[in-house]
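Protein chains in written order, with my numbering: chain U, 1 to 352; chain Z, 1 to 352.
Simulated from the structure, these hints should not be mistaken for lab results. Check before you lean on any hint, since a few could be wrong.
Which copy is meant is left open, because identical chains are indistinguishable; a pair holds if it fits in one copy or across any two.
[Claimed, not checked] Straight-line distance between alpha carbons at most 25 Å, and here's what the computed DSS-like set of lysine-lysine pairs gives: (1) K301 to K248; (2) K41 to K88; (3) K248 to K89; (4) K41 to K301; (5) K301 to K66; (6) K66 to K179; (7) K19 to K101; (8) K41 to K104; (9) K19 to K351; (10) K19 to K301; (11) K89 to K296; (12) K19 to K66; (13) K107 to K208.
There are 2 protein chains.
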Amino acid sequence: MHIHNFSAGPCILPQDVFKQASKSVIDFNGLSILEISHRSKDFVAVMEKAQSLALEHLGLTDMGYKALFLGGGASMQFLMTAYNLLEKKAAYLNTGTWSEKAIKEAKAFGEIIEVASSKDANFNYIPKGYQVPSDADYFHITSNNTIFGTQIKEIPDVNVPLVCDMSSDIFSRQLDFSKFDLIYAGAQKNMGPAGATLVVVKEDLLGKVTRHIPSMLSYATHISKDSMFNTPPVFPVYVSMLTLEWLKNNGGITAIEKVNKEKAALIYNEIDRNELFQGFAAVEDRSNMNATFSLKDTAHKTAFDQLWNAANISGLNGHRSVGGYRASMYNAMPLESVQALVDTMQELERKA
Amino acid sequence: MHIHNFSAGPCILPQDVFKQASKSVIDFNGLSILEISHRSKDFVAVMEKAQSLALEHLGLTDMGYKALFLGGGASMQFLMTAYNLLEKKAAYLNTGTWSEKAIKEAKAFGEIIEVASSKDANFNYIPKGYQVPSDADYFHITSNNTIFGTQIKEIPDVNVPLVCDMSSDIFSRQLDFSKFDLIYAGAQKNMGPAGATLVVVKEDLLGKVTRHIPSMLSYATHISKDSMFNTPPVFPVYVSMLTLEWLKNNGGITAIEKVNKEKAALIYNEIDRNELFQGFAAVEDRSNMNATFSLKDTAHKTAFDQLWNAANISGLNGHRSVGGYRASMYNAMPLESVQALVDTMQELERKA
């Protein structure tokens, strides 16, 4: 029985990717992908392909950017961005838990200006109309807030370098990615399994801070070694490459964005139409990746949970900071899975 | 045709592990192991099992140690050990490239005393008879030197905390592991695929430095969250768990050490017996994991390379710092593969 996996991440990836990855664990040019040297010709080709596909999808090929696949997770990037870029003062937009964690790590390195925050409403909206100090070393935003189900629809125009945690919506929608000076994203949403983090960095952004940067935390180190300064997370990078190839073979970001919009419309229309449910995020800031919603009357909780469990839906429980439900609909999720969820919401309505 | 994989790491792992890992990429309790949440009951059980098996194999269960599986590689531990433990002064034994890298990272945090070095002889031996300052915050050693093929046979008795990079020989031989206060090891030799790093740390070692430690670099943070502070490298941890289970099912360290000694004896006996070859490392310091050797006369190189290539042997080229050949014979390598290599060395002798 097929499971509809609505997990917030690690999350659903394309079935074709699972099949190819499974085969390669047994046989990748004669060896298991798990036992090949990272210095082998075969793996160097995988790394280069993953890097070039990442830049190609973002429209950043030959634009002065480098793509790195690092270990450690996006949480390490909260630290590395500050370590590498923060000399005196940086500006942050606080749109939720992950922004707060980024701010917390950066505070050890300089003055942090929180230009705006939606904490006053449990981060159910994206602040707008804020001012970014023109003397900030950079401005940091979180493009999609997995926990709260909000998404920045319009990327701000600023006069300082723009740094973005794009972990949960990279490769899901078309943007002018050249507006960003540094983008980072944990692989485990739209790109691959847990264990790799993509960093896309404009090279001329670097070399401006005076502090000592430890080798492993230095973007310049990793760039100088083409993302092979130390043994990279071979299998997570390989599966990321497969997923980026899958995206290309399926029309790239433009095509997938269309499907993502359909999926989002399907669930949000039901949340708004069905009297039993209510959305959490401000309508104009709703994420196309993570829909957060709840029952207006928790008396229906047992019945609804039974319905979606019976429909083989998994990963629907909301994050503890918000409660209720969260439907994560990343690139690899088919429209049919969202339809299956909507069906259970309608079934609840009929039974209630 | 089966390939004899002598790669230095990432390297051979048990075939049974490849089979189980491949299956789980398709179906792990109904989902792919690549798409399950790291907070799911199933993965929490994997992480706990991996941690408890690691401690069990080392005989450190209930001895005040914690086992962590982190991302980032052992290279990140060069930094983290210093960040967490170095207040004023630390002592390092320099036995090669990896020791040097550890020393380089630590220097930014305090005074480094290099108690001894074998650099004078391109690290072909392990220095002995050195003194460790009694006021050092810790003493750092590299138990096995993959590149040079040396191994510390006797773990030094010191009066300061003992920190060990055990990346390339952990779980390969029995030691009194309670002598160590902190052990770290990249997974990609005897434990699993690239992308996870095991840290076994005595809890009372921590909390003694006064500097600010960023969250992701703090052992205390990772301990407080049971190695789940951020999304861990799910699949590398899973495969590490499978490999640690395989080790247990095959008699644990005691049983595997016996095989490792047989494999090492087989290759070193041939190196010493065969007039065409010479060993690189000092005899008493020879690694049971990585045998480094070369042809006395490079005129035989083409013939020898053809022979071992024809025998489906791969990964035998030595590291550029040493040249010649390196046969890495980690836990999962069967005696037959070493015999296959010895056969080609004897065939060369007959033909030469």
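Legend entry - Contradicted hints - numbers only: 1, 2, 3, 5, 7, 8, 9, 10, 11, 12
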